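*Asks:* So the chains spell out like this:
There are 2 protein chains.
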Amino acid sequence: MPLLVVGSVAFDNVQTPTAARENVLGGSASYFSYAASYFTPVRLVSVVGEDWPQEYTDLLASRNIDTAGLQVLPGAKTFRWTGKYLDNMNDRETLDVQLNAFEQFDPVLPENFTRCQFLFLANGSPVIQMKVLEQCTGATLRVADTMDLYINNMRDELLALLKRIDGLVLNDSEAKLLTGEENLVRAGHKVREMGPRFVVIKKGEHGAMFFSKHETYVMPAYPTENVVDPTGAGDSFGGGMMGYLAEQGDFEPKTLKKAMAYGTLAASFTVEAFSLDRLREIEREDIDRRMEEYQRMLSF
Amino acid sequence: MPLLVVGSVAFDNVQTPTAARENVLGGSASYFSYAASYFTPVRLVSVVGEDWPQEYTDLLASRNIDTAGLQVLPGAKTFRWTGKYLDNMNDRETLDVQLNAFEQFDPVLPENFTRCQFLFLANGSPVIQMKVLEQCTGATLRVADTMDLYINNMRDELLALLKRIDGLVLNDSEAKLLTGEENLVRAGHKVREMGPRFVVIKKGEHGAMFFSKHETYVMPAYPTENVVDPTGAGDSFGGGMMGYLAEQGDFEPKTLKKAMAYGTLAASFTVEAFSLDRLREIEREDIDRRMEEYQRMLSF
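Chains E and P are the protein sequences, given in the same order.
Our numbering applies: residue -6 is where the first sequence begins, and numbers increase by one.
Our numbering applies: residue -6 is where the second sequence begins, and numbers increase by one.
Any given hint could be a false lead.
Repeated chains share a single entry, so a pair holds when one copy, or any two copies, can fit it.
List of simulated lysine-lysine pairs, DSSO-like, C-alpha gap at most 30 Å [said to hold, decoys possible]: (1) Lys251 <-> Lys183; (2) Lys156 <-> Lys251; (3) Lys156 <-> Lys77; (4) Lys251 <-> Lys206; (5) Lys169 <-> Lys77; (6) Lys169 <-> Lys251.
Quick caveat, the hints were computed from the structure, so don't treat them as lab data.
What you are looking at is a predicted structure, and each value in this text was computed from that prediction instead of being measured.
Chain E extracted, bound-state conformation:
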């Protein structure tokens, strides 16, 4: 089944302790779409500026990502993020953010997009996320991501959104910030009580946790010694997870658990290179091979 994602597409400047890249393809919806495309056709809604190269649109389109919703804003530049990773590769500093075109993002969905049953609202303002939600009259699974900026500055709007979605994906520090709870198990269930039927807390190199009314579980990250650039790992996690759900066409507990594992593995590939470089090298069978290994790792 097709999967709809609404979020940012950006140029990134990234520094790690050992290397740096400028002007690479980034943004939550880029990573999400690309990771999801291994599983299902994707429909992307985002906005870019006039500096956006056709080459990147072609790249996405080549992966069965429908870019009809990728708006080019006249006279604007594309969103640009500059960040630097510290030695541990978990902590990062945002050095500069130029929202540019993304600041004026006011998505109007192509009519056929509104009938998508699987919807992911990638990281963005909860006001925009709500606007998209209201257009998506066909959605049966509505999952969102969020971040500290909106938890701190648009809390009411975020809380309103939480009552309208089925799932929320956020990272550990965001879950603590949203709930004031240091214990992640308690934090996960507290977020769930704010509305969504399930909550996923991403813990970076430590994996991810899942919470629903009747289930609490943890999955470790796939252990890799080759962490080149963690940018986009969380968005790739979302893409792998939602892509598998859309492929299966359901969101039963069993499917959700396997989707969590696919999310974990999609993220594990993304961190092995800058930008989408590692994902561009692999096929679905590489993910499935790693899945076999991952399942073996967790059997005893």
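Following the hints, position chain P against chain E.
*Replies:* Chain P only, in chain E's frame:
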């Protein structure tokens, strides 16, 4: 098979964000022994002062822990540790350490102890650990723990020990300190290259990682919302792990993996109360019930 452990027995004063306890039974070998006792008979070697209450010896003895090697040092006081946990319950400050009797610890093993095949050198000076190792002529599986103090101040002695043991258990910050490597997968294998055939890196609430020449895997911690006091979690991990190995009487890869899971679960009980309080409430069947749940959690 009996399991020999040599390490500290102490009185702890513990503060957490919500509660405090003074004068409770602590020390690496206490937690280790008690956790291991669910699986196999334990032989304990340690030293205490004249203030040590018979009641604690009785408690250990009641769990099939042989205390013939628990020396009472005349005129001395028992090792005392005072610590405080920060809000996240992962970071802690040591407020005070009084080594007391433990400063003069010079273990001479009862003759029948030296024939134990399964040996655990709990956290302590690598010089003392080496002395014990040399007495343990019957040991076929020799596993040690260590800490930042010895990595910083007795590095050569520690490196000499590493060449003589089969396994090392240490936490994530210690693995980074020992190897200068921020990536834990690389750190684990670097430690392994220093001597031991396998290495276990404990990550607190994020679980544990295992490294041997042909295997690298991660196990998440059992998710619990009821973290009362993390003291002794790592030692209980060691006890559950080594206890299961000694019970099975082998250390094949398959047995080691299940032992890692039992270590994880032993730790998950320990953190649910101060001191040994939670362990004292449970039976082996409680651990096995949690094991079933844990295995279900990791199946998809």
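*Asks:* Just pull the numbers of the violated hints for me, sorted ascending.
*Replies:* 3
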